[in-house]
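Spelled out, the chains give:
Number of protein chains: 2
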Amino acid sequence: MEKPKIVEELKPFFEPKAVAIIGATDKKGKVGNVIFENFKMNKERGIFKGNIYPVNPKLDEIEGYKVYKSVEELPEDTDLAVISIPAKFVPATMKDIAKKGIKSVVIITGGFGELGEEGKRMEQEILEIARENGIRVIGPNCVGVYVPDTGVDTVFLPESKMDRPKSGEIAFVSQSGAFAAAMLDWAAMAGIGISKMVSYGNKLDVDDADLMDYFIHDDATKVVTFYIEGVKDGRKFIESAKRISQVKPVIALKSGRTEYGAKAASSHTGSLAGADTIYDAVFKQTGVLRAEDFEHMFDVAKAFAKCKLPKGDRVGIITDGGGAGVMASDAVAKFGLRMADLSEESLRYLKEKFPPHAVAGNPTDVVGDTDAQRYKYAIEAFVNDPNVDAIVVIVLFQVPLLDEMEIIDILAEYKEKSDKPIVAVAMGGKKTEHYAKILEEKGVPVYPTPERGVRAIAGLVHYAKYLERVKG
Amino acid sequence: MEKPKIVEELKPFFEPKAVAIIGATDKKGKVGNVIFENFKMNKERGIFKGNIYPVNPKLDEIEGYKVYKSVEELPEDTDLAVISIPAKFVPATMKDIAKKGIKSVVIITGGFGELGEEGKRMEQEILEIARENGIRVIGPNCVGVYVPDTGVDTVFLPESKMDRPKSGEIAFVSQSGAFAAAMLDWAAMAGIGISKMVSYGNKLDVDDADLMDYFIHDDATKVVTFYIEGVKDGRKFIESAKRISQVKPVIALKSGRTEYGAKAASSHTGSLAGADTIYDAVFKQTGVLRAEDFEHMFDVAKAFAKCKLPKGDRVGIITDGGGAGVMASDAVAKFGLRMADLSEESLRYLKEKFPPHAVAGNPTDVVGDTDAQRYKYAIEAFVNDPNVDAIVVIVLFQVPLLDEMEIIDILAEYKEKSDKPIVAVAMGGKKTEHYAKILEEKGVPVYPTPERGVRAIAGLVHYAKYLERVKG
Chain A
1 MEKPKIVEEL KPFFEPKAVA IIGATDKKGK VGNVIFENFK MNKERGIFKG NIYPVNPKLD
61 EIEGYKVYKS VEELPEDTDL AVISIPAKFV PATMKDIAKK GIKSVVIITG GFGELGEEGK
121 RMEQEILEIA RENGIRVIGP NCVGVYVPDT GVDTVFLPES KMDRPKSGEI AFVSQSGAFA
181 AAMLDWAAMA GIGISKMVSY GNKLDVDDAD LMDYFIHDDA TKVVTFYIEG VKDGRKFIES
241 AKRISQVKPV IALKSGRTEY GAKAASSHTG SLAGADTIYD AVFKQTGVLR AEDFEHMFDV
301 AKAFAKCKLP KGDRVGIITD GGGAGVMASD AVAKFGLRMA DLSEESLRYL KEKFPPHAVA
361 GNPTDVVGDT DAQRYKYAIE AFVNDPNVDA IVVIVLFQVP LLDEMEIIDI LAEYKEKSDK
421 PIVAVAMGGK KTEHYAKILE EKGVPVYPTP ERGVRAIAGL VHYAKYLERV KG
Chain B
1 MEKPKIVEEL KPFFEPKAVA IIGATDKKGK VGNVIFENFK MNKERGIFKG NIYPVNPKLD
61 EIEGYKVYKS VEELPEDTDL AVISIPAKFV PATMKDIAKK GIKSVVIITG GFGELGEEGK
121 RMEQEILEIA RENGIRVIGP NCVGVYVPDT GVDTVFLPES KMDRPKSGEI AFVSQSGAFA
181 AAMLDWAAMA GIGISKMVSY GNKLDVDDAD LMDYFIHDDA TKVVTFYIEG VKDGRKFIES
241 AKRISQVKPV IALKSGRTEY GAKAASSHTG SLAGADTIYD AVFKQTGVLR AEDFEHMFDV
301 AKAFAKCKLP KGDRVGIITD GGGAGVMASD AVAKFGLRMA DLSEESLRYL KEKFPPHAVA
361 GNPTDVVGDT DAQRYKYAIE AFVNDPNVDA IVVIVLFQVP LLDEMEIIDI LAEYKEKSDK
421 PIVAVAMGGK KTEHYAKILE EKGVPVYPTP ERGVRAIAGL VHYAKYLERV KG
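Chains as they are written, first to last, in our numbering: chain A, 1 to 472; chain B, 1 to 472.
It is worth saying that the hints were derived from the structure and are not from the lab.
Since copy identity is lost for identical chains, a pair holds within one copy or between any two.
List time: in silico DSS-like cross-link candidates among lysine-lysine, alpha-carbon distance up to 27 Å:
1) Lys69 x Lys28
2) Lys161 x Lys437
3) Lys442 x Lys430
4) Lys161 x Lys430
5) Lys88 x Lys30
6) Lys166 x Lys431
7) Lys5 x Lys17
8) Lys437 x Lys166
9) Lys284 x Lys334
10) Lys263 x Lys376
11) Lys166 x Lys430
12) Lys351 x Lys263
13) Lys471 x Lys236
14) Lys308 x Lys465
15) Lys222 x Lys437
16) Lys3 x Lys248
17) Lys120 x Lys103
18) Lys431 x Lys27
19) Lys40 x Lys69
20) Lys120 x Lys100
21) Lys430 x Lys28
22) Lys100 x Lys17
23) Lys120 x Lys353
The following block holds chain A by itself, in its conformation from the complex (with noise of 0.2 Å):
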């Protein structure tokens, strides 16, 4: 696939050769204070390999970096500017930055559109700088950008107040600064990787479908979770959505759905929220998988990054306890998946090698006093079997007999060498929690109840039909 321009505009943004921070200053915890400091850090930590330029004019270093008074002043590397000062400097900043030939800049700075009419002029005049000299901006109002692979990190709360995710497949859209920030801290806890979250705060210019455009072509990105209040340009965003689900699944979390959200929608970041039953036509013609809430959108984002697809409905489900093998039915039927009819030989199987109190069937309960060999066979029996298309192991660490290194690494070999997605279910307190941290770690996806784990096959089989359909 040939790449479009959006692709190079938008590279500076997450892996710029040199950032310009403009508003840098050395009192500690101010906005520009806390940005420098993340670059500087990286670049410590030798994550960031491009050079760092705080820009202000009454200082002439900060912490053995030299200052530059103006913009003009900056080397010629630069392409990248993050803009920290207050707003009513900004348009000025943006004639420099034109001047200087910048051309990919983030506006952290709020106190515009948001705040009333002035602020508004403000936004029309930096966009218009931007469409004459072809730059690109994020912003204003927004934490900015975070990549964990190349230490661009514009998110101003330090690591003190909120933890970094790792690297992974996961690319995170986000209308909301806020939410972005308890996102990205909550991610860190549970383990989920990201490839590049983006918080575009007004929306200027970079808007969701350039988003889109850009991440068809990210090696890096698995799966693309926005949180979104309100779409400016539907058709621009159908048409991108539409071309990235080609390539790659997308989730949306998009709220304002009620009246009452709609309403607050609109005093927050001024979107009109829209019919929500729009957005639903529109999410269903794109193929974008529509999340209930941020947990469900990362349960299935985590689904999408370490599972391959499935090729039909059918769920098979193995337990060690038998009231969450009957929750996880529940779950197959509430959203709409099948349960799978076990084949002849799969059962004969089973029950040549269980003992006679464990029950071979869908789901097949290995019962509280099983081994790990046990589920062995549970979990051979349902990849073997054709007429299963996805598979839902529940494990309740705490049963006496069960070695939690063995089942564990069976789950991460089967999960490897089978066509089929494999999530695990695990309920628990803090034993339960590390062990599922390792499972997580060797691929396998965890979830905390059986309705959760169903419901992120449900969102890999919906993504599996839409290609489908679309596809022949």
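Dock chain B against the given chain A, drawing on the hints supplied.
Frame of chain A, contents of chain B only:
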């Protein structure tokens, strides 16, 4: 209210004078050993105050405890027997227990009705002995009873496999033993306090209705939660549910809702799940709140344990992140509640106290540069506003100027002195979890997403409306 017979009958299960552990052994990891160790450890910790009598014909002594050769030899103060010997020996042991005059028996042993006809015959024999001799039986095929306050702990998974939750106001009853174990483990991690846990397995004698009648009079219990796959005696269930709902709320997670789930339930506990619409009708008629999944069940239970009941369904939302406010507003509509219209006075007060970029309204957005004081103005206005019945305070602890301990203390103070329910929502990672835990210890329930916080409020409103309907 006069205490019914059941209160005295079930008392020995929860606070026995002396427990006989029939099948106690010194073989580490065996069921009879873990249960003995649980009681012994809790005795050493000073929690279990009763006597412990291991019973095993082949041993003289276990870890300094005298072992009784038979039930007949047991001291006269024995008022609870816990049985973990093989199924085939249980009927004869029940006869000995009857002769000895012990009236409370937990049968941990599995291999009865769930395995077929011979098991059902033995169950019938046990039931006849129990009925003839006024013995109450919990089980068989269960993990039994856990009471943090009295140190009763028949859960045969050692603490190395499964953590135990602290003491609290929530009673938890489970038809599934493995689910009960996973839930206790999870509750321990989540900081959820349990008054009493009962896992009754095949529900031969003591059932949901008996337990509801007991919990009506149990001062330690403020709210009762059930995991149920099927109810045997519908009329008895309805009568008891109606009685307890007058006094304290009941939340039920009834699985086997769908055809798939019902089929799985029948092979798990042999439960006839029955038409789900019937359960829906029964729960509605009796004021029992139906939970979607275990997170929903404990989310709402936590709110009941900590909050006052609302006088109406008008919700007020305070947030420092606009996006989270939009999501919470959507949730208010989704869960059938109303957004409160703030009074003119509240709006005037907030506009006077707020900087121009903060948003007075519902949601009130104190925005990302908030300090704790700005939250305090908002909470005060909402607490005093006659148009607000319940309050959801979203705190993204990541924002830079918010002193975490200050906002925690403000929330705890207003939650305590207001007659309205107040819940908090905190999204984020490890630091957020840390502060959320402190906030919960100070009595404010905290939820990880706006949806779950609002849904918990919806549970309170649902029950408050039921009480209003049946009482006035």
